[in-house]
Structure formats: C-alpha cells, structure tokens
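Make the full structure from the sequences, and use the hints.
Just so you know, we're using my numbering here: the sequence shown kicks off at 292 and counts up by one.
No lab work stands behind these hints: they were computed from the structure.
Careful, some of the hints might be misleading.
Label pairs and their calculated CB-CB ranges [stated by the list, open to error]:
hint, residue 1, residue 2, range
1, S443, C327, 39 to 47 Å
2, T441, T308, 38 to 46 Å
3, F321, L450, 33 to 41 Å
4, A322, D347, 44 to 52 Å
5, G337, L391, 22 to 30 Å
6, A322, L505, 57 to 65 Å
7, V518, W351, 49 to 57 Å
8, E499, V417, 46 to 54 Å
9, V458, V417, 39 to 47 Å
10, T441, E499, 34 to 42 Å
11, E575, R310, 37 to 45 Å
12, V408, G489, 35 to 43 Å
13, L431, T308, 28 to 36 Å
With a straight-line cut-off of 20 Å between C-alpha atoms, the simulated SDA-like cross-links for lysine to any residue are [said to hold, decoys possible]:
hint, residue 1, residue 2
14, K379, G525
15, K379, A392
16, K379, R310
17, K379, R313
18, K379, R305
19, K379, D390
20, K379, T308
21, K379, I367
22, K379, A304
23, K379, F389
24, K379, S307
25, K379, E317
26, K379, E366
27, K379, T303
The structure presented is a predicted model; accordingly, all values stated were derived computationally and were not measured.
Glycine is no exception: its CB is placed at the ideal position from the N, C-alpha and C atoms.
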Amino acid sequence: MTDSAPMVRPATARASTARWCRAITEARWFAVTVFCLILTNAALLGAETYTGVVTDWHGWLSLAEHACVAAFTVEILLRLGAHADRPKGFFRDPWNLFDLAVVLSTFLPLVRENTTVLRLLRLARVLRTARFLPQLRIILVAVARSLPGTLSFLLVGALLLYVYAMVGWVFFARHDPQHYGSVGRAALTLFLLMTLDGIGDAVHAGLEISRLSLIYYASYVLLASFVLVNVLIGVVLSSLDEARDMERNHAAPAPRPAPIPATQQTLHDRIVTARRALDDLERELAHASAPPAVEAERTVSPAGTGLHP
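Laid out in structure tokens, this is it:
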C-alpha cells in the first residue's frame with residue numbers, strides 16, 4: 292500500500308490540473324475573451340496598413356502585439372493543461388494543432404526576422420474565429436472535404452475547356468484571332484464565357500461566321516455553365532452534409548465526461564458497502580463458530596463426572 296502511494300499522486304495532480312484548466316477553457320467567458328482578442332489582433336493588423344497610424348502609434352502597436360502574443364500563449368497552455376490527463380486528445384483535434392502551430396511559429400527566429408511571413412501568420416490568427424463560430428467551422432470543414440471532388444471537377448472542366456478551345460481555334464481562328472488566335476486565347480475566352488458574361492456578343496459574332504456556331508456555343512453553355520456547375524454545387528452540398536454530421540458527432544460526446552465523477556462515487560460507495568458486508572459476515576461467522584464449542588464442553592463434562600463419581 293505504501294509503494295503505490297507515490298504512483299497515485301502524479302496521476303491525481305494531472306487529473307486535478309486537467310479539471311481546473313478544463314473548467315476555464317470550457318467557460319463561456321473564456322471563449323468570448325479569446326474571440327475578442329482575435330478581433331483585436333485583426334484590428335491591429337489592419338491599423339498597421341496606415342502609415343500615419345504606424346508613425347504616431349508605433350510603440351503602442353508593438354506593445355499591443357506583444358500583449359496579444361502573450362494572451363494567445365496563455366490560452367494554448369491552458370488548452371494543453373486541459374488535456375493533461377489525456378495528452379493524445381489534444382493532438383487529435385485539428386483546431387488545436389492549428390492554434391499550436393500559429394502560436395509556436397511566432398517564437399521561431401526565422402519567422403520573427405521575416406516581416407512578410409510574420410504578418411501572414413498574424414493574419415492566420417483571424418481564421419481562428421472559426422473555432423468559436425460553429426456555422427463557419429462547418430463551412431470550412433465542408434470546403435476541405437469537398438477538395439477531392441473539386442479536383443475531379445477541375446480535371447473534367449479542364450478537359451472540356453481544352454476540347455472546346457481546340458474546336459474554337461479550328462473554326463474561328465481566321466475570323467477572330469483576338470479571341471481564338473491560339474489555344475490559350477480560346478481557352479481564356481471560353482473560361483470567361485463560363486460565367487455567361489458576354490455570351491450574347493460571342494453568339495452574334497459567331498453567327499456572322501457560320502450558323503453552326505450556335506450549336507457550338509449552346510452545347511458549351513449547357514455543359515460548362517449548367518452541368519458542371521451543378522455537379523460542383525452537388526459536391527459542395529454533399530460535403531456540407533458530411534461536415535454537419537461530423538459536427539453533431541463531435542459535439543455529442545462532449546457532455547459525457549461530466550457524469551464520470553458521479554460514476555466513480557457510485558463505484559466507491561458500492562466498494563464501501565461490499566467491505567462492510569464482508570466485515571459483518573466475518574463477525575457472524577465468528578459468533579456462529581463460538582457457541583458449538585461451548586456446548587460441546589458442557590456435554591462432555593457431565594459425562595465425565597458420571598463415569599468417575
């Protein structure tokens with residue numbers, strides 16, 4: 292029992308530290324404070340784009356930037372402390388990894404010496420607002436999950452654009468070299484026509500060359516502007532539904548750690564009750580075994596006196 296005591300103390304200290312930090316990081320005031328710090332950092336970053344403000348308030352802006360860095364460092368330390376009893380849980384959350392990378396990069400010497408990289412990293416802090424806005428977080432996750440489908444869409448769109456650019460070059464290069472003089476110009480023209488901007492002028496110019504140009508533009512608009520765009524919208528909407536399901540599944544287990552102390556207390560009470568029951572059984576066995584021995588002595592002694600008067 293004495294050997295196991297030193298092994299319990301560190302675990303208890305980590306658990307108490309994790310509970311204390313978790314109580315802070317899960318509080319509403321903490322989220323509001325960090326959100327306001329992110330907005331303040333964004334305002335400071337925007338103020339530095341004005342030369343007059345930088346000249347007059349350079350010292351205060353630098354002090355405010357250092358204060359923001361210190362505040363974000365304390366925040367990430369508290370989030371790390373909230374996972375002291377389960378460190379792997381911190382690194383399983385992509386938002387925790389993003390916050391940690393943004394904060395640690397500020398202390399790298401190469402980053403601090405490069406003003407452009409440092410400003411880009413400070414700009415990355417603005418993206419942290421998505422952590423505190425569930426709807427924005429769902430949209431960002433949906434965009435990230437739609438990237439594989441979007442890449443496939445881009446490949447199909449590039450193939451379609453190349454085929455129509457080659458056909459346009461064959462039919463319209465001589466009459467309209469400004470728009471179809473090469474495959475590159477034809478692809479650029481068709482890419483702009485994908486938004487249906489200027490499609491009327493292009494159709495009128497094509498009809499002056501050949502009436503078959505109407506089939507060319509109609510088929511292109513049908514495939515590029517309607518079919519492909521609707522496919523892209525479908526991919527994004529499907530990813531949005533998946534992101535919403537992930538958000539629900541991620542938010543659902545969050546309240547589960549709360550009942551853990553009650554469960555532990557229940558198990559502790561059951562153990563105490565079982566120990567008391569065992570103690571009562573030992574006492575009953577001790578009392579039950581004592582009377583037969585006394586009675587045996589009483590029955591033997593009279594018989595002895597009867598045999599030897």
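Do the hints match the structure? See the list:
Restraint check, S443 to C327: a C-beta distance of roughly 41 Å satisfies the suggested window 39 to 47 Å. Between T441 and T308 the beta carbons are some 43 Å apart, a value that agrees with the proposed interval 38 to 46 Å. Taking 33 to 41 Å as the suggested C-beta distance range, the pair F321 and L450 does not conform, at roughly 51 Å. Checking the proposed 44 to 52 Å range against A322 and D347 shows it is violated: the Cβ atoms sit about 34 Å from each other.
Separation of G337 from L391 is about 25 Å and conforms to the stated range, judged on CB atoms against 22 to 30 Å. Hint check: A322 to L505, Cβ distance near 58 Å, so the stated range 57 to 65 Å holds. In this structure the hint that V518 and W351 lie 49 to 57 Å apart at CB holds, the actual value being about 56 Å. For E499 and V417, the Cβ-Cβ distance of about 51 Å falls inside the hinted range of 46 to 54 Å, so the restraint holds.
Judged by the Cβ atoms, the range 39 to 47 Å given for V458 and V417 holds: they are separated by roughly 45 Å. Under the hint 34 to 42 Å, the C-beta atoms of T441 and E499, about 38 Å apart, fit the expected range. Between E575 and R310 the CB atoms are about 42 Å apart, so this pair conforms to the stated range of 37 to 45 Å. Range check, V408 to G489: about 40 Å between beta-carbon atoms, so the 35 to 43 Å window is met.
A beta carbon spacing of about 31 Å between L431 and T308 agrees with the range 28 to 36 Å that was offered as a hint. Pair hint K379 plus G525 does not hold up; C-alpha atoms about 36 Å apart against a cutoff of 20 Å. Using a Cα cut-off of 20 Å, the hinted pair K379 and A392 holds, with the two alpha carbons roughly 16 Å apart. Taken as a hint, the K379 and R310 pair is honoured in the structure, with Cα atoms around 16 Å apart against an allowance of 20 Å.
Pair hint K379 plus R313 holds up; C-alpha atoms about 15 Å apart against a cutoff of 20 Å. This hinted pair checks out: K379 and R305 have alpha carbons roughly 14 Å apart, not beyond 20 Å. Of the pairs offered as hints, the one joining K379 and D390 holds, with about 16 Å between alpha carbons and a cut-off of 20 Å not exceeded. Note on K379 and T308: the hinted pairing holds, with a Cα-Cα distance of about 16 Å set against a maximum of 20 Å.
Between K379 and I367 the CA atoms are separated by roughly 15 Å; this keeps the pair inside 20 Å, and the hint holds. Among the hinted pairs, K379 with A304 is consistent with the structure: their alpha-carbon atoms are about 18 Å apart, no more than 20 Å. Proposed proximity of K379 and F389 is supported: the alpha carbons are some 15 Å apart, at most 20 Å. Only pairs whose Cα atoms come within 20 Å are accepted, and K379 paired with S307 is accepted, the gap being roughly 17 Å.
Taking the CA atoms of K379 and E317, the gap is about 18 Å. The hint holds against a cut of 20 Å. Pair hint K379 plus E366 holds up; C-alpha atoms about 18 Å apart against a cutoff of 20 Å. Between the alpha carbons of K379 and T303 the distance comes to roughly 18 Å, so the proposed pair stays at or under 20 Å and holds.
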